[in-house]
Every structure is written in structure tokens, then in C-alpha cells.
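In the order they appear, the protein sequences are chains A and B. If you're matching positions, the first sequence starts at -17 in our numbering and goes up one per residue. If you're matching positions, the second sequence starts at -17 in our numbering and goes up one per residue.
No lab work stands behind these hints: they were computed from the structure. Predicted model, so just to flag it, every value in this text is computed and none were measured. Even for Gly, the Cβ is constructed at its ideal location relative to N, Cα and C. Every clue listed holds true.
Covered stretches of chain B, going by a simulated chain A footprint (3 or more residues, C-beta under 8 Å):
| no. | segment |
| --- | --- |
| 1 | 2 to 14 |
| 2 | 80 to 93 |
| 3 | 97 to 107 |
| 4 | 139 to 146 |
2 protein chains.
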Amino acid sequence: MSRTRLGTGDRKTLLLQATCQVIARRGIRGLRVEDVAAQAEVSTTLIYYHFGNRAGLLAATIEFVSDRAGAYTSAPPGLTGHQELAHQLLSELQDTAEVRANSAVWNEFRATAVFDTSLHAAVEAATDTWNTVAAATITRGQHDGSISVDIDPKTTAEQLTALVEGLSNRWLTHLLSTAHAHSHIHDALARITPTTRIHD
Amino acid sequence: MSRTRLGTGDRKTLLLQATCQVIARRGIRGLRVEDVAAQAEVSTTLIYYHFGNRAGLLAATIEFVSDRAGAYTSAPPGLTGHQELAHQLLSELQDTAEVRANSAVWNEFRATAVFDTSLHAAVEAATDTWNTVAAATITRGQHDGSISVDIDPKTTAEQLTALVEGLSNRWLTHLLSTAHAHSHIHDALARITPTTRIHD
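Let's have the full structure, built from the sequences with the hints guiding it.
Structure (C-alpha cells):
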């Protein structure tokens, strides 16, 4: 994930924000470069110049969305591994327009990738990044004594992020409130503390 | 869920199967009644006759997909509650064309409902049915001693089905093998047995 590359041009960021806005309104399947150009009030030529083609624009958007989530879920310093993991997972679901919109776009990418194999690599890379960050946090928690050493960090990271994605879809569809989704995540986190079993 | 109503006409079933085929190829957002008519080799009039409009067709398709999943995940008799729950959840992910296609259509409905509020009620009803079945099975397992009495059936059902949905999207995108997804589900099921904690 090249946060640096995205930062090199405000214009590029504006184009990616416009792409997210179009996706949030209409989804990915029907997305045309013309729609993004209209949203950003630029020419399609500029978009092709920066991203090559529609596939390049979508791959850059997945990275952009993943980086944004990485930014708003990153924990403050001074936390135990368990607290940091809790912060990372809980802040995936926040009652702000920014987080809801970002989650909706990521949800749409994941769903579209089921049918559109050209998105696989970028969705896989973003998922891997997320799992790797969570696994590293779990390992840190095992070292500082806040997370059980009986669990495998990679396996547990995959399970927790999959749970958050499953909850996220229901949350985005308003089948689940933010508080209710958070309570499910708290339960999952309580199960990986060194001594307790079910409760936190 | 009115399995009876769907069963009253083979033609209606054929139309819903055709709708699933179109969705599996192109998704829901761009789905036109004309596409379904072409797939089923019937007139659009027949579709409007049976389902009223596009929204009616989609609502009936969600129910159809949910009923199909209910059929291929229902467990044989003679199992403990825990075994039945395992059967229900594990058989959501099977390496057959039928199950993959059905899961892909359900995944697409869930994702589209984030943007299309007209799908909310039908997606919510299907989700509720699934959660209710899982919760009832958990309660049965608590009565026969195969599932811990320390957990709340409804809460645990929501968490398990959300996990399966999160895993399902990755499985459908081939980021996760069937065996790997099943192993994650086994881990989650091992946590709700009366005595063990992490392992099965």
C-alpha cells in the first residue's frame, strides 16, 4: 500500500474521493470513467492520465479506501496489544459519515470482486494488509500479557476481520446498530484474553 | 418465508432460477426484467404477471435463495444441537456449483441492500430467519448438554452467522479455500462447547 504515492498529488486524491462518491451512489458495476469525471468536474483525459484506465482507477481506489481505514482505525500510543486490537476493530464501525461512506465503498469492492476477477488482486492485497496488521497487534498482546498465548495470531486475525466484515455489511444496511455491532466485537475480543472466557 | 407459495408453480421456480443466473453473471444493480425474460426464454409480460414488477421479482428471489440455503443446510435427524449447528453453518460453504451460485446471489443481495433501501425488508427477513434457526438450534444444544449454557442463543447466533457471511465473501472471491473457511467455523463452534475453550 503506497500511501506516499497517493500523497504526491492533491488532484489525484480529489479524483479518488470523487470515485468513492460515485461508488457510494451507484456501486462499482455501472461505474464509468465519465461519471467520475463529472463528479470531479474534470476531463476524462485527466483521469486516464493519472490512472491509465478504469481498472487502474478502481485498483487505486481500493488502495485509497484501505489506507483511509488504516488511518482512522490506528490506535493512540500507550495501549496494550489487546486494547490496540480493540481500537482497530471497533473503529471500523463508527457513526460518522466518513467511516460509513468508506466502509460502504470497501463493502462494495468486496462484493463486486466475487463477480469481477480483475478486482481480486487489489481486494486480496487490502485484506492481507488488514490481517497482517491485526496479527501483529495480537502478537504484541501476547508479548505484553494482554492476549492469550494459546491462540494463533494469523488465524485469529482472519477470524476477527471476517467477523467485522460480516457485521459491517449488516451495520451498513442498518440491520445492526453501531452499539450492537460493537458489543459483538467486544465479545469476540473477550474470548482471547488470557484468563476470561465469555465475558469481558 | 413461503416455500409453499414458490412451490405452486414450476414456471415461477424457473423464472426465479433464471433471475439467479442473471444476477450471478451481472449483479443486481444492472438487472433488467428483459434480461430475466431472455434468460428464461419467456415474455416480460409473464414475469410482470407473476411478480408485479422488478422489486417484486427481486423480493421473491431473495426468498427463493434463502429457502434454497435452508434446504441444503438442514441437518439429518439424530444429531446433538452442537452437531446440527455445525452442519447448518459448515454447509453454507460447499464446493458445489449450486451452493457457490446460491451464496454468490445472496452475497450480492446483501451488498446491494447497502445502497438500495427497497431491498432492506427482504434482506432483513432472510437474515432474521437464519438467525432464528441458528438460535433455536443453540437452545436445543443447551438442553441436550452439547452447547454451553453460559452463552445467549440469540447473540451467539448473530455472531456465528455474521462470521459465516464474512468468511463467505472471501470464499466466493477465492481468498479462502472451503477447508480453510470450515476450519474457522470449527474454531468458533469449539468455543461454545460446555467444557473446552479454544480447541475442538
